[in-house]
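Listed here are the chains, written in short residue letters.
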Amino acid sequence: MRTENQKAWFFVLPVLGLVAFNALVPMMTVVNYSVQETFGNNQFFWEGLGWFEQILRSDRFQAALGRQFLFTLLILLIEVPLGIIVALSMPRKGFWVPVCLVLMALPMLIPWNVVGSMWNIFTLPKIGLLGYFLNDVLGINYDMTQQPLSAWITVVIMDVWHWTSLVVLLCYAGLVSIPDAYYQAAKIDGASPWSVFRYIQLPKMKTVLTIAVLLRFMDSFNIYTEPFVLTGGGPGNSTTLLSIDLVKIALGQFDLGPAAAMSLIYFAITLLVSWVFYTLMTKDDAQ
Amino acid sequence: MKKRSLIPILYIAFLMLPIYWLVAMSFKTTNEILSGFSLFPQTFTLENYITIFTDPTWYWGYINSIAYVTINTVLSVCVALPAAYAFSRYRFLGDKQLFFWLLTNRMAPAAVFALPFFQLYSSIGLFDTYLAVALAHTLFNVPLAVWILEGFMRGIPKELDETAYVDGYSFPRFFVTIFLPNIKAGVGVAAFFCFMFSWVEMLLAKTLTAVEAKPIAAVMTRTASSAGYELGLLAAAGTLTIIPGAIVIWFVRNYIARGFAMGRV
Numbered sequence: 023m024r025t026e027n028q029k030a031w032f033f034v035l036p037v038l039g040l041v042a043f044n045a046l047v048p049m050m051t052v053v054n055y056s057v058q059e060t061f062g063n064n065q066f067f068w069e070g071l072g073w074f075e076q077i078l079r080s081d082r083f084q085a086a087l088g089r090q091f092l093f094t095l096l097i098l099l100i101e102v103p104l105g106i107i108v109a110l111s112m113p114r115k116g117f118w119v120p121v122c123l124v125l126m127a128l129p130m131l132i133p134w135n136v137v138g139s140m141w142n143i144f145t146l147p148k149i150g151l152l153g154y155f156l157n158d159v160l161g162i163n164y165d166m167t168q169q170p171l172s173a174w175i176t177v178v179i180m181d182v183w184h185w186t187s188l189v190v191l192l193c194y195a196g197l198v199s200i201p202d203a204y205y206q207a208a209k210i211d212g213a214s215p216w217s218v219f220r221y222i223q224l225p226k227m228k229t230v231l232t233i234a235v236l237l238r239f240m241d242s243f244n245i246y247t248e249p250f251v252l253t254g255g256g257p258g259n260s261t262t263l264l265s266i267d268l269v270k271i272a273l274g275q276f277d278l279g280p281a282a283a284m285s286l287i288y289f290a291i292t293l294l295v296s297w298v299f300y301t302l303m304t305k306d307d308a309q
Numbered sequence: 094m095k096k097r098s099l100i101p102i103l104y105i106a107f108l109m110l111p112i113y114w115l116v117a118m119s120f121k122t123t124n125e126i127l128s129g130f131s132l133f134p135q136t137f138t139l140e141n142y143i144t145i146f147t148d149p150t151w152y153w154g155y156i157n158s159i160a161y162v163t164i165n166t167v168l169s170v171c172v173a174l175p176a177a178y179a180f181s182r183y184r185f186l187g188d189k190q191l192f193f194w195l196l197t198n199r200m201a202p203a204a205v206f207a208l209p210f211f212q213l214y215s216s217i218g219l220f221d222t223y224l225a226v227a228l229a230h231t232l233f234n235v236p237l238a239v240w241i242l243e244g245f246m247r248g249i250p251k252e253l254d255e256t257a258y259v260d261g262y263s264f265p266r267f268f269v270t271i272f273l274p275n276i277k278a279g280v281g282v283a284a285f286f287c288f289m290f291s292w293v294e295m296l297l298a299k300t301l302t303a304v305e306a307k308p309i310a311a312v313m314t315r316t317a318s319s320a321g322y323e324l325g326l327l328a329a330a331g332t333l334t335i336i337p338g339a340i341v342i343w344f345v346r347n348y349i350a351r352g353f354a355m356g357r358v
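Going line by line, the protein sequences match chains A and B. So the first sequence is residues 23 to 309, counted in our numbering. So the second sequence is residues 94 to 358, counted in our numbering.
Looking at chain A on its own, in the form it has when it is part of the complex (with noise of 0.2 Å):
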């Protein structure tokens, strides 16, 4: 067990340090901007919490919000079942084990920019892979750049592609750590398939399968960069997602009093949904 012992604080310091700089100034930046009004010449005024009421009534911010969470429950939804298929159907050892993980592994290493710059070489009309198919070979029509239904699929898809790994990785590792002698158990017992994932695989898969939810909520509602490169937000707002909006605001019109209020609200929500997740992931454990 873990003993009582305050000097373990002096350990927590530097970490304390750096983290409180780079999280404490800025929200402080953030908080303050969100109560003010400005007209630039470093000129402030005190505006209470009129941004905050303005945001959470105008419908740019509740469309931009409707977007977010249809994009992070799609993804959840196909990400998560695809990703526990995927890690159950994986070899357990062998040659093969390492090589599929590597290439598992690629698409998250490879920079936001670049995935995003990626997916749109691969889906141009006549000159992408995909895109030429889709509207050469298979005569469906599909222009991201026009289509608001395909940029979303797009951009859905792009995500599938670059976070399911994750999923996949986190739940190998749950079953990798399950001993022979369960499944062994199990065929004694004439165990089905499904009970054997019911009963055996599911319960040791919990954990990590509760922190693949929670990283790929947490991720997916803040993503940016993506589907910046990708669609831009566009075709018209159709894929603007919530971070999308905000930098919009930020860093494009100046607006820093609506901007600041926007980043707090969102920081709110992202904090409050991951909790109760979190709470409801975990409650079983507790008792």
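By construction, these hints were calculated from the structure, which means they are not laboratory data. Remember, predicted model here, so these are calculated numbers, not experimental data. Take these hints with a grain of salt, some might be off.
[To be verified] List of simulated lysine-lysine pairs, DSSO-like, C-alpha gap at most 27 Å: (1) B/Lys299 - A/Lys226; (2) A/Lys270 - B/Lys277; (3) B/Lys277 - B/Lys189; (4) B/Lys251 - B/Lys277; (5) B/Lys251 - A/Lys226; (6) A/Lys115 - A/Lys228; (7) B/Lys299 - A/Lys270; (8) A/Lys226 - B/Lys277; (9) A/Lys115 - A/Lys209; (10) A/Lys209 - A/Lys226; (11) A/Lys115 - A/Lys29; (12) B/Lys307 - A/Lys29; (13) A/Lys29 - B/Lys251; (14) B/Lys277 - A/Lys115; (15) A/Lys209 - A/Lys228; (16) B/Lys251 - B/Lys307; (17) B/Lys189 - A/Lys228; (18) A/Lys29 - B/Lys299.
Place chain B on chain A using the hints.
The following block gives chain B in isolation, referenced to the frame of chain A:
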């Protein structure tokens, strides 16, 4: 058994298709790209790569990126090691709250911090340096490194520490000569993750640099917009950004599965 291995094969094929297209594109001439569809490069050319390796703006982009990623990785792992040790071995006032607060920084959207970071690092005179990007990236890498290392350290029995103290080891000597070799897999995995997230993050890296420390991503976007439709060049630059990641992942291949579970299986 045969049928089952079909799923990973199909999945990997799906992953490889866009990458193949990027690589194939990088060996094509601009003319060939624009003139229509071809599955393989017809006129195989190294022109795009030669441009990148002879133009300082291009190759300095890579050097800059590698520089701040390296600084960030070393810094993150070094400060995370003692903290993870404290979290895994001791209870102290506010430890749980502190751990959770560290993790919340992993949840903050980078877009939220872009502007304040720009102002913060400008005001302390670090704007457009490697150190600025490396420090900014510690925001999400240090919590992650602490999390991973703590998971690995919890797996080391406490008796190891106690035996070392009985044998007369001082704490620093014990930590470096006995404890570190025991968790070297964890250190490798933590370093890998820090490298990965610093290498792929672009929004902050672009916001905090202008000329001197400009990352490869910024070079790519600026070139893409100024030179018009040079898809071949863009594809070659993109292909080159995959290589460092591929090399690093090959080194940790045997720890990947456990590493992704943050030592918590």
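So, going through the hints one by one against the coordinates:
For the given pair, B/Lys299 sits about 41 Å from A/Lys226 by alpha-carbon distance, which is inconsistent with the 27 Å threshold. A C-alpha spacing of about 44 Å is found between A/Lys270 and B/Lys277, which places the hinted pair above 27 Å, so the restraint is violated. Pair hint B/Lys277 plus B/Lys189 holds up; C-alpha atoms about 25 Å apart against a cutoff of 27 Å. Simply put, B/Lys251 and B/Lys277 have alpha-carbon atoms about 17 Å apart, close enough for the 27 Å limit, and the pair holds.
With a CA separation close to 25 Å, the supplied pair B/Lys251 and A/Lys226 stays within the 27 Å bound. At most 27 Å may separate the alpha-carbon atoms for a hinted pair to count; A/Lys115 and A/Lys228 meet this at roughly 22 Å. Note on B/Lys299 and A/Lys270: the hinted pairing holds, with a Cα-Cα distance of about 16 Å set against a maximum of 27 Å. For the given pair, A/Lys226 sits about 26 Å from B/Lys277 by alpha-carbon distance, which is consistent with the 27 Å threshold.
At roughly 20 Å between alpha-carbon atoms, A/Lys115 and A/Lys209 fall within 27 Å of each other, so this suggested pair holds. For a cut-off of 27 Å, the pair hint linking A/Lys209 to A/Lys226 stands: about 18 Å separates their Cα positions. As the CA atoms of A/Lys115 and A/Lys29 are separated by approximately 44 Å, the hinted pair breaks the 27 Å bound. The hinted pair formed by B/Lys307 and A/Lys29 fails the criterion: a straight-line CA distance of about 41 Å is larger than 27 Å.
A hinted pair counts as satisfied when its Cα atoms are at most 27 Å apart, and A/Lys29 with B/Lys251 qualifies at roughly 18 Å. Distance check on the hinted pair: B/Lys277 and A/Lys115 sit about 23 Å apart at the alpha-carbon level, within 27 Å; holds. At most 27 Å may separate the alpha-carbon atoms for a hinted pair to count; A/Lys209 and A/Lys228 meet this at roughly 22 Å. With a C-alpha separation of about 46 Å, the suggested pair B/Lys251 and B/Lys307 falls outside the 27 Å cut-off, and the hint is violated.
Among the hinted pairs, B/Lys189 with A/Lys228 is consistent with the structure: their alpha-carbon atoms are about 22 Å apart, no more than 27 Å. A C-alpha spacing of about 39 Å is found between A/Lys29 and B/Lys299, which places the hinted pair above 27 Å, so the restraint is violated.
Of the numbered hints given earlier, the model fails hints 1, 2, 11, 12, 16, 18; all others are met.
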